[in-house]
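Numbering (UniProt numbering) for the sequence shown: 1 to 130.
Think of the hints as simulated: they come from the structure by calculation, not from any bench. Possibly wrong hints are sitting among the right ones.
Listed next, with one range per pair, are the computed distances between beta-carbon atoms [to be verified]:
no., residue 1, residue 2, range
1, Ser-79, Thr-48, 17 to 23 Å
2, Asp-54, Lys-2, 36 to 42 Å
3, Asp-17, Glu-83, 16 to 22 Å
4, Asp-56, Val-3, 29 to 35 Å
Only pairs whose alpha carbons sit at most 30 Å apart, straight line, appear in this in silico DSBU-like list of lysine-lysine [unchecked claim]:
no., residue 1, residue 2
5, Lys-87, Lys-72
6, Lys-2, Lys-99
7, Lys-93, Lys-2
8, Lys-77, Lys-93
9, Lys-114, Lys-13
10, Lys-114, Lys-87
11, Lys-2, Lys-72
12, Lys-21, Lys-72
All figures in this text were calculated on a predicted structure; none of them were measured in a lab. Using N, Cα and C, we set each Cβ at its ideal position, and we do this for glycine too.
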Amino acid sequence: PKVSIEGHENIPKNSEDALLKAVANQPVSVAIDAGGMDMQFYSEGVFTGGCGTDLDHGVAAVGYGTTTDGTKYWIVKNSWGEEWGEKGYIRMKRGVSAKEGLCGIAMEASYPIKKSSTDPSSSDDWFSSK
């Protein structure tokens with residue numbers, strides 16, 4: 001079916017819990033601080049920094065998980081090609097003490113609001129209703 005984007009919904013700032021609820025339902029656009037060498041040369045594993053909150057790069061939070069040793073992480077799709085990171089993805093530590101999240105991941109997050117041609121009256125604004 002045909003889908004068109006009608007706009008976007010901002011996720012409450014500085015809340016990894018709110019981001020988690022959103023990512024559980026669909027990919028979410030997030031801004032991160034990706035300017036540091038640690039980020040640029042990331043190759044594998046759960047990324048724990050160093051980075052700040054100088055947001056300079058847009059990526060997509062597409063999932064989350066926990067390692068066997070209990071480390072929580074975000075699954076983030078980057079745009080730097082499959083040679084970077086884990087085939088173009090990075091696992092970023094989740095549940096950090098900073099309210100902004102690691103590299104500012106929880107500072108500016110949003111997801112699209114769409115309407116389907118099969119039901120043009122419905123809006124996927126699920127986040128505001130929960």
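Consistency of the hints with the structure:
Taking the beta carbon of each, Ser-79 and Thr-48 are about 22 Å apart, inside 17 to 23 Å as hinted. Roughly 39 Å separates the CB atoms of Asp-54 and Lys-2, a value that falls within the hinted 36 to 42 Å. In this structure the supplied range 16 to 22 Å is violated for Asp-17 paired with Glu-83, their Cβ-Cβ distance being about 33 Å. Between Asp-56 and Val-3 the CB atoms are about 30 Å apart, so this pair conforms to the stated range of 29 to 35 Å.
About 20 Å separates the Cα atoms of Lys-87 and Lys-72, which keeps this hinted pair within 30 Å; it holds. Taken as a hint, the Lys-2 and Lys-99 pair is broken in the structure, with Cα atoms around 38 Å apart against an allowance of 30 Å. For the hint linking Lys-93 to Lys-2, the alpha-carbon distance of about 36 Å lies beyond 30 Å, and the restraint is violated. A hinted pair counts as satisfied when its Cα atoms are at most 30 Å apart, and Lys-77 with Lys-93 qualifies at roughly 14 Å.
With a C-alpha separation of about 22 Å, the suggested pairing of Lys-114 with Lys-13 holds against the 30 Å cut-off. Of the pairs offered as hints, the one joining Lys-114 and Lys-87 holds, with about 29 Å between alpha carbons and a cut-off of 30 Å not exceeded. Under the criterion of a C-alpha separation no larger than 30 Å, the hint pairing Lys-2 with Lys-72 is inconsistent with the structure, at around 36 Å. Of the supplied pair hints, the one linking Lys-21 and Lys-72 holds, its CA atoms being roughly 15 Å apart against a limit of 30 Å.
In the structure shown, a violation is registered for the earlier hints numbered 3, 6, 7 and 11, in ascending order.
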